[in-house]
Structures are given as structure tokens and as C-alpha cells.
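Colleague: As a plain string of letters, each chain reads:
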Amino acid sequence: MVEYLRWIYQWFRGEVFDIPGRLIAFIFVICILLVPFITDNQYVLRIFILAAIFAIFAASWDLLAGFTGQINLGHALFFGVAAYTSGMFNLHFHLSPLITIPIGSIMAVIVGLLAGIPALRLRGFYLALVTLSFPVILTGVVFAFSDFTGGELGIYGLSRLSGSRIGDYYITNLVMLVSLYIMYKFTDAGSKIIRTGVIFHAIREDEITARASGINTTRYKLLAFAMSGFFAGVAGGLYSHFVRIAGPSTLELLFSFQAILWSIFGGISTIYGAVAGVYILYPTIEFLAIYEVGDKIRFLIFALILIFTLLFMPEGITVWVRDKIEITCQRCKIINFALRHHCRACRAPLHLEKEKL
Amino acid sequence: MLEMILINGLVSGGAYAVLAVGFSLIFGVAKILNMAHTAFYMITAFLLYVGTMMLGLPLIFSGILAVLIAGLVAMICYKLFFDRIKEHGTAVMIISIALALLFQEVFLLGFSGHYRRVPSFVPGATEIAGVSITYQHLFAIGISFVIIACVWVLLSKTRLGNAIRSVAQDREIANLMGIDVSRICLIVMGISGMLAGIAGVVVAPIFMVHPLMWVHPLVIVLAAVVLGGLESIKGSVIAAFILGFAETAVIYLVPGGGFLRGAVSLSVMVVVLMVRPEGLFGVLFEEERL
Numbered sequence: 001m002v003e004y005l006r007w008i009y010q011w012f013r014g015e016v017f018d019i020p021g022r023l024i025a026f027i028f029v030i031c032i033l034l035v036p037f038i039t040d041n042q043y044v045l046r047i048f049i050l051a052a053i054f055a056i057f058a059a060s061w062d063l064l065a066g067f068t069g070q071i072n073l074g075h076a077l078f079f080g081v082a083a084y085t086s087g088m089f090n091l092h093f094h095l096s097p098l099i100t101i102p103i104g105s106i107m108a109v110i111v112g113l114l115a116g117i118p119a120l121r122l123r124g125f126y127l128a129l130v131t132l133s134f135p136v137i138l139t140g141v142v143f144a145f146s147d148f149t150g151g152e153l154g155i156y157g158l159s160r161l162s163g164s165r166i167g168d169y170y171i172t173n174l175v176m177l178v179s180l181y182i183m184y185k186f187t188d189a190g191s192k193i194i195r196t197g198v199i200f201h202a203i204r205e206d207e208i209t210a211r212a213s214g215i216n217t218t219r220y221k222l223l224a225f226a227m228s229g230f231f232a233g234v235a236g237g238l239y240s241h242f243v244r245i246a247g248p249s250t251l252e253l254l255f256s257f258q259a260i261l262w263s264i265f266g267g268i269s270t271i272y273g274a275v276a277g278v279y280i281l282y283p284t285i286e287f288l289a290i291y292e293v294g295d296k297i298r299f300l301i302f303a304l305i306l307i308f309t310l311l312f313m314p315e316g317i318t319v320w321v322r323d324k325i326e327i328t329c330q331r332c333k334i335i336n337f338a339l340r341h342h343c344r345a346c347r348a349p350l351h352l353e354k355e356k357l
Numbered sequence: 358m359l360e361m362i363l364i365n366g367l368v369s370g371g372a373y374a375v376l377a378v379g380f381s382l383i384f385g386v387a388k389i390l391n392m393a394h395t396a397f398y399m400i401t402a403f404l405l406y407v408g409t410m411m412l413g414l415p416l417i418f419s420g421i422l423a424v425l426i427a428g429l430v431a432m433i434c435y436k437l438f439f440d441r442i443k444e445h446g447t448a449v450m451i452i453s454i455a456l457a458l459l460f461q462e463v464f465l466l467g468f469s470g471h472y473r474r475v476p477s478f479v480p481g482a483t484e485i486a487g488v489s490i491t492y493q494h495l496f497a498i499g500i501s502f503v504i505i506a507c508v509w510v511l512l513s514k515t516r517l518g519n520a521i522r523s524v525a526q527d528r529e530i531a532n533l534m535g536i537d538v539s540r541i542c543l544i545v546m547g548i549s550g551m552l553a554g555i556a557g558v559v560v561a562p563i564f565m566v567h568p569l570m571w572v573h574p575l576v577i578v579l580a581a582v583v584l585g586g587l588e589s590i591k592g593s594v595i596a597a598f599i600l601g602f603a604e605t606a607v608i609y610l611v612p613g614g615g616f617l618r619g620a621v622s623l624s625v626m627v628v629v630l631m632v633r634p635e636g637l638f639g640v641l642f643e644e645e646r647l
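These protein sequences, in sequence, are chains A and B.
Just so it is clear: in the first sequence, position 266 is 266 by our numbering, and no numbers are missing.
Just so it is clear: in the second sequence, position 24 is 381 by our numbering, and no numbers are missing.
Because the hints were derived from the structure by calculation, they are not lab data.
All figures in this text were calculated on a predicted structure; none of them were measured in a lab.
From the three backbone atoms N, C-alpha and C, an ideal C-beta is built for every residue, glycine too.
Honestly, I wouldn't trust all of these hints.
To be verified - Just a sample of chain A residues kept apart from chain B, beta carbon distances all over 10 Å, derived:
1. Phe12
2. Ile194
3. Arg331
Unchecked claim - In silico SDA-like links for lysine to any residue, alpha-carbon gap of 25 Å or less:
4. Lys443(B) / Trp320(A)
5. Lys324(A) / Leu23(A)
6. Lys296(A) / Val572(B)
7. Lys514(B) / Val479(B)
8. Lys388(B) / Met313(A)
9. Lys443(B) / Val319(A)
Can you build the whole structure from these sequences, using the hints too?
Modeller: Rendered as C-alpha cells:
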């Protein structure tokens with residue numbers, strides 16, 4: 001038994017504690033799981049639940065735009081479609097959220113594949129604009145058929161995710177952690193088992209070369225659209241059952257932009273960047289709303305934070321921090337703490353340039 | 358009915374065309390995707406309101422002042438923000454969205470969310486073919502055509518226009534030919550801000566002034582620029598008029614069309630792009646075809 005525990009500790013030390021990025025991720029997961037033990041304030045829990053939902057949403061944007069380079073300015077399409085679909089199935093057929101959220105996500109996948117069709121012909125800015133137009137068109141349709149969709153008010157009176165706030169908290173956060181892990185693994189270019197990560201990177205960097213190397217870019221682009229749609233759909237379904245309304249605000253242009261703001265603020269084409277962006281920006285803005293003065297100026301502060309962070313860290317906050325705290329050994333390519341003088345595996349000196357100075 | 362569609366389509370098409378020209382100028386020259394472009398339009402509309410209703414300045418004078426301030430604000434934004442991180446395309450785009458949000462919030466704080474009205478430049482109305490049309494509508498149409506003609510003359514007949522076009526074609530070669538590229542970018546940013554300002558001043562008396570008035574034109578302008586083909590000023594002008602007419606026709610012909618106006622013009626864009634992926638007047642290089 002003791003041997004076994006020691007083995008686990010050794011494994012953890014090598015794989016988690018000695019790699020700063022993973023250590024931070026580990027602490028983050030522990031903190032997420034412990035929040036309900038620290039506070040049972042309904043408002044705080046609500047903010048953290050919404051942050052978890054938005055983290056899935058922002059990461060799914062990053063999966064599509066950051067990794068495959070298919071810039072999607074209308075990502076709220078997937079979110080909104082899933083929110084409306086699961087809401088309608090819940091309201092009209094009285095299915096439980098356990099069934100309606102997957103139905104909503106599958107609907108989002110179908111929409112993602114449909115939205116991916118233009119991506120096969122268009123690229124860059126043209127694609128961005130075509131994707132931007134889909135949620136705007138759908139909003140118009142929602143308003144035009146307001147008898148069926150509820151118009152401006154949306155569909156309300158959906159059933160709860162679970163009985164209690166704490167139950168909601170654990171459901172959304174566990175779904176978030178699992179989704180993020182899957183997305184991270186699928187986009188990990190260093191993985192030896194799953195090849196999608198490296199292929200997505202190749203498509204972003206040079207599509208024609210990727211094609212010439214025998215990659216079926218059509219299939220992988222559609223796969224990226226479908227996966228991104230699926231996870232955005234999960235977020236949308238959770239959102240509609242948590243706030244118990246599926247309204248046109250889930251399709252708004254500014255909501256699509258929010259996903260982009262969070263991801264690029266945190267650092268594009270790193271799944272953790274999107275998550276960090278959400279967890280830094282969203283609670284800050286929401287806690288400002290508690291104070292009367294803060295409520296008025298919170299978007300002003302949001303804009304100022306964005307502008308000044310990006311002016312000094314144009315690649316995003318996590319990339320900036322990562323470059324400060326992590327250093328890759330030049331001989332054995334193992335990641336070390338930047339504080340170390342020698343590599344933890346091969347003892348090669350790490351800071352060669354600094355020693356020369 | 359048809360006359361109303363024609364006149365209102367020309368008004369909104371003209372405003373969109375002036376906005377789209379400014380947007381595609383700065384995109385072509387400095388490769389900046391300036392999402393704050395229509396925010397300058399909102400700023401001038403508000404400055405016009407402040408100048409006429411609160412300070413009591415004469416209308417023409419405050420209009421010109423507002424346009425100049427918009428150009429100045431655009432140049433300051435370029436110098437302070439865009440120029441510093443211009444090699445990170447996505448960060449520039451996000452900063453421009455954030456700037457637009459910033460302006461929106463500043464005006465929301467200062468003026469709250471009420472819809473406001475600005476007096477017309479030329480009061481009164483006339484009757485053409487049995488339809489009563491205010492002079493302000495005709496004035497707006499006239500100004501937008503004059504401005505587009507001015508931009509065309511500036512780009513094709515002057516030395517500055519030559520420099521702007523050469524920077525748009527190839528930055529490095531233009532630099533080698535002795536053109537001060539960063540100065541040209543600054544000037545173009547100023548021109549583009551002033552164009553957005555002119556659109557704002559001209560339509561402010563027709564539409565209402567509101568801090569959120571930049572969102573809808575932004576979508577249409579983006580659609581127009583893409584529909585016409587990037588890099589093509591002629592294309593974006595024509596596309597802006599197409600979208601303006603489509604939007605107005607929907608408002609007048611379809612019941613509840615006010616909700617559908619954005620949807621229809623964007624559907625037009627999607628359909629055209631599915632048939633011609635490079636836009637109406639864009640150029641697609643053979644090796645880029647997929």
C-alpha cells in the first residue's frame with residue numbers, strides 16, 4: 001500500500017509538480033472542486049457555474065479558430081441552436097435535461113457541419129464574415145416566427161439542471177473539466193496517439209501543403225467544425241437549463257465576440273488560454289456589478305483591461321506567463337521551472353544566453 | 358411604395374457605402390480589421406448632438422467640427438494602439454472591438470440609453486412623383502455621392518492617392534520607393550475616420566442617435582466589404598448599395614421586416630459568396646483556389 005502511494009507520488013512529482021503549467025492546472029482543478037466547501041453564497045456559485053459554461057464555449061471557439069485557423073465570428077450560432085433545441089424538447093416533450101442537452105449538442109453538430117460547408121470554399125476573412133452572418137440570420141428568423149420561438153422573451157420555464165445550486169455547480173464543472181480535457185487532448189500537437197492536433201496545426205499554417213502531404217483537409221475541417229459545434233452545444237444546453245431561459249440573447253453578435261475576446265485575451269490556440277480568459281474576465285466583471293458604481297462602469301473596465309493587457313501582452317496573458325515561468329531544456333526538450341539553473345532530467349544548463357552576458 | 362424604397366435605399370445605401378469605403382481603405386492599406394470603424398460614426402453623431410442641442414452651435418459648423426474630431430480620434434487610436442502591435446493581427450482586431458465597446462460605454466455613461474434626435478440640415482420637404490420626401494434625405498444622398506466621388510478623385514488623380522494605392526499593393530516595395538509607409542497609414546486612418554464621421558453626421562438627423570447605433574452598420578459594412586471583394590473600393594460601394602436596397606425593400610415589403618433586415622442582407626451576401634467565393638469584384642489567385 002505504502003509502496004503504491006509512493007509510486008503515485010513519484011508519478012505526480014514527475015508529471016505534474018515539476019511542470020509549472022500542469023501545476024497551475026492541477027491547483028485550478030482542486031480549487032474548482034473545493035469552491036462549494038468554502039462558500040455557499042448563491043450569487044458566487046452562480047457566477048462560477050456561468051464561468052464554467054462560458055469556459056467550455058470559449059475553448060470550443062479556440063478549438064476551431066485557434067487550431068484550424070477557421071476564424072468563426074458567429075460562434076454563438078452553435079450555443080444558441082443548442083440552447084433553443086434543448087429548451088424546446090424540454091418544454092414540449094418534457095424530457096429531462098440529461099436527454100435534452102445531448103439532443104441539443106447533436107443539433108449543434110449538424111449545424112456545425114452545415115456551417116462548415118462554406119468553409120470548404122471560402123477562407124480567411126470571407127469565411128469569418130459568412131460565419132458571422134449565420135447567427136444574425138437566425139436571430140431574424142427567431143423574431144419573425146415569434147409564435148413558435150417566443151420572440152424577444154425566448155422560451156422560459158425550463159426544468160432545472162438538478163435540485164440544488166450545489167448540484168448544478170458540480171454538474172456544470174465536471175462537464176467542463178471533462179470537455180476541456182477532451183478538447184486539450186484532441187488538439188495536443190505533441191500527442192503520439194491522436195493525430196488530430198498536429199493535423200489541425202498543419203491546416204492552419206498551410207492548407208495547401210497539408211493537402212499535398214496527403215491529409216484530407218476537407219474531412220478534418222468538417223471534423224473541427226463538428227467538434228467545436230458539439231462542445232459549444234453542450235455549453236448552450238447547460239446554459240439554457242441553468243438560467244431556465246433560451247432567448248435571442250444566446251445568438252447575439254456581442255456574445256460571439258465575447259468568446260473571441262476571452263480566448264484571445266487568454267492566448268489563442270491554447271485551450272487553457274480560453275479558460276484562463278473566462279475565469280479572469282468574467283468573475284471580475286460580475287463582481288463589479290455588486291456595487292452600484294461598478295455596475296455602470298463594468299464594461300468600461302472590461303474594455304480597458306482588454307486594451308491594456310493586449311498592448312503589453314499581444315499574444316495573450318497565459319502565453320506571456322508561460323514564457324516567464326517555463327523553460328524548455330535545449331538538449332532533451334523537457335519543460336522545467338524557469339527558476340532552475342539545470343535541467344531536471346539531463347542536468348544541462350538552462351539559461352545559456354544569460355550566462356554569456 | 359416603390360419610390361419610398363428607392364429613396365430610403367439610396368439614403369442607407371449611401372451611408373453604408375461611405376462607411377464601407379473607409380473600412381476597406383484602412384483594411385487595404387494598413388491590413389487592420391477595424392471593428393471600431395462604425396464606432397467613429399456613432400461618436401460623430403453624438404458630437405453633432407452635443408454641438409447643436411447642448412452647446413447651441415450652428416449646425417454646419419458643429420458638423421464639420423465633429424467630422425474633424427472623428428478623424429483626429431481615429432489617428433490617435435492608430436498611434437496609441439494599432440501601430441504598436443500591428444504584427445499581431447488578431448490582437449489588433451480584439452483591441453478594435455474593445456475600443457468600440459469603450460466608446461459605447463463612455464457615451465452610455467454620459468448620455469444614458471435614450472434615443473435622441475438631431476435637427477435636419479435642410480428643413481422642409483418636397484414632393485417627387487407623389488411621394489413627400491424631406492430635403493434631408495436628398496441632402497444625405499447628394500453628400501454621399503459627392504464624398505464617394507471625392508474619394509475616387511483622391512485615390513486616382515493625386516500624388517497622395519498614388520502613394521496610398523502603392524502601399525496597399527505592396528508595403529515593402531512602396532517603402533523602397535521612398536514612400537513613408539507609416540505616415541501613409543496614419544493619413545489613411547484619419548481619412549477613414551473622417552469618412553465614418555461624414556456618414557454619421559449625414560444620417561444622424563434621419564436615424565436616431567443612440568450609443569448602440571454602431572452594431573448594425575458594422576455588420577452591414579463587413580458584409581458589403583466582403584460581398585464586393587476585399588481590396589476593391591468599387592466593389593464595396595456597389596455592394597453597400599445592394600445591401601442598402603435589400604434591407605429597405607424588406608422593411609417595406611415584408612410584415613415584421615424590421616427584425617429581418619439584417620438577416621436578409623446577410624443572406625444575400627452568403628448566397629453571392631457561395632457562387633463567387635472571391636466576392637463580386639475581388640481577385641482570386643489561381644494557387645489560392647481550393
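Colleague: Report the numbers of all earlier hints that the structure fails to satisfy, in ascending order.
Modeller: 7
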